[in-house]
Amino acid sequence: MPVHSPVGFYTAVFATVFGFALIWQIWWLAAVGFVGALAGFVVFAWRDVHEFHVPAEVVAEVDRARRAARQALLDRMPDEGAPA
Amino acid sequence: MTDFPLPAAAETVRRVREDPNRLGHRDPHAREEIEGAGHGTTGPAHRRIIVGYGFWIFLLSDIVMFSCFFAAFAVQRSATAGGPGIGELVDMHRVGWETGALLLSSYTCGLSFAATNVRSKLWTQVFLLVTGLLGLIFVGLELFEFIDLAGRGIVPQRSGFLTSFFGLVGLHGLHVTLAGMWLLTMMAQVQVKGFRPEIVHRLICFNLFWHALDIVWIGIFTIVYLMGATG
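Chains as they are written, first to last, in our numbering: chain A, -9 to 74; chain B, 6 to 236.
Do not rely on the hints blindly, as some may be mistaken.
[Unchecked claim] A few chain A residues that don't get close to chain B, going by computed Cβ distances all over 10 Å:
| hint | residue |
| --- | --- |
| 1 | Met(-9) |
| 2 | Phe(-1) |
| 3 | Tyr0 |
| 4 | Ala2 |
| 5 | Val3 |
| 6 | Phe4 |
| 7 | Phe10 |
| 8 | Ile13 |
| 9 | Phe42 |
| 10 | Glu51 |
| 11 | Val52 |
| 12 | Arg57 |
| 13 | Ala58 |
| 14 | Met67 |
[What the hints assert, rightly or not] So, partial list: chain B residues that the calculated Cβ filter (under 10 Å) puts toward chain A:
| hint | residue |
| --- | --- |
| 15 | Asp67 |
| 16 | Arg82 |
| 17 | Ser83 |
| 18 | Ala193 |
| 19 | Val197 |
| 20 | Lys198 |
| 21 | Phe200 |
| 22 | Arg207 |
| 23 | Ile209 |
| 24 | Asn212 |
| 25 | Leu213 |
[Said to hold, decoys possible] Distance windows between CB atoms, simulated:
| hint | chain 1 | residue 1 | chain 2 | residue 2 | range |
| --- | --- | --- | --- | --- | --- |
| 26 | B | Leu189 | A | Leu12 | 18 to 26 Å |
| 27 | B | Ile204 | A | Gly(-2) | 18 to 26 Å |
| 28 | B | His216 | A | Ile13 | 27 to 35 Å |
Worth flagging that the hints you see were computed from the coordinates, not collected in a lab. Note that CB positions come from ideal geometry on N, CA and C, so glycine has one too.
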């Protein structure tokens, strides 16, 4: 799985600032927005850990717990109300 | 593995056997791991395949965006509002140099990846640098073109045609500029981190992007400049 990262939100904020500044020709703000967005890209591109592994055993364990909870719920329900 | 009902599993095996490229699949009877193949009959594809596929999807979304700009240009082409038309904008000499620089940069980009494949850091860097310099020449020529046009009062605000012209050509120029910055980060990563698998995957993506930009330029060169020069 890809690692969790706020870089998309971060870049979007600075890109929005950049676009706003370009439209209203606020050049210093445009520079801030551009450099900010670019910095997010460079830092993110430099990441060393870019994904994490979920072992099949963990998936099986989580799924087993979920199924057990669901089965317990079904067992507690009256027969006529139980979904198929 | 017995969770699959037999018909679906048999169907999968048939599909894998008939897949001419065997992408993401390996021979179900093979024991050893094969680079570029999956980890089983229906197992996950190799990371290189997944990364490349994901990047192709991004590229296609980019192509969709360019298609919209091309369509806008085609519609607005004669909407000059009494201002300059396409024939007055085209300087074939300059556009020829731009095209030459960009096509050559695509070639050197391919050479850089050939160097990556033999894990030669020096030649990868040399060809990436040449690619970047050619891209810089391209962007510089385009910048001079825009400054030249602006000096003659040809600006995006003048007419619908000029808006779509600067939008389309400028969008491509912006892509090349950003790709150049990506190229610099890739050169830095290759230098510091070497040819780790994820770095090579990013180099693959960069190559795809650079070549895609070249293809888009071929479209612009033909539809905007060549067709403009011939009326």
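Now for the hints, and whether the structure bears them out:
1. Met(-9): The claim holds: Met(-9) of chain A sits with its nearest Cβ about 12 Å from chain B, beyond 10 Å.
2. Phe(-1): The claim holds: Phe(-1) of chain A sits with its nearest Cβ about 18 Å from chain B, beyond 10 Å.
3. Tyr0: Given that every Cβ of chain B is farther than 10 Å from that of Tyr0 of chain A, nearest at about 17 Å, it holds.
4. Ala2: 16 Å, holds
5. Val3: Holds, since 18 Å exceeds 10 Å.
6. Phe4: 14 Å, holds
7. Phe10: 17 Å, holds
8. Ile13: Given that every Cβ of chain B is farther than 10 Å from that of Ile13 of chain A, nearest at about 13 Å, it holds.
9. Phe42: 14 Å, holds
10. Glu51: Glu51 of chain A is indeed farther than 10 Å from all Cβ atoms of chain B, at 17 Å.
11. Val52: 17 Å, holds
12. Arg57: 13 Å, holds
13. Ala58: Holds, because the least Cβ-Cβ distance between Ala58 of chain A and chain B comes to about 18 Å, which exceeds 10 Å.
14. Met67: 26 Å, holds
15. Asp67: 16 Å, violated
16. Arg82: 26 Å, violated
17. Ser83: The hint is violated - Ser83 of chain B has no Cβ within 10 Å of chain A, the shortest such distance being about 28 Å.
18. Ala193: At 8 Å from the nearest chain A Cβ, Ala193 of chain B passes the 10 Å test, so the hint holds.
19. Val197: 9 Å, holds
20. Lys198: At 8 Å from the nearest chain A Cβ, Lys198 of chain B passes the 10 Å test, so the hint holds.
21. Phe200: 15 Å, violated
22. Arg207: 8 Å, holds
23. Ile209: Violated: closest Cβ of chain A sits about 15 Å from Ile209 of chain B, beyond 10 Å.
24. Asn212: With Cβ-Cβ at 16 Å, over 10 Å, it is violated.
25. Leu213: Not OK, violated: Leu213 of chain B not within 10 Å of chain A, min 16 Å.
26. B:Leu189 with A:Leu12: 18 to 26 Å: Holds, at about 23 Å.
27. B:Ile204 with A:Gly(-2): 18 to 26 Å: 22 Å, holds
28. B:His216 with A:Ile13: 27 to 35 Å: 32 Å, holds
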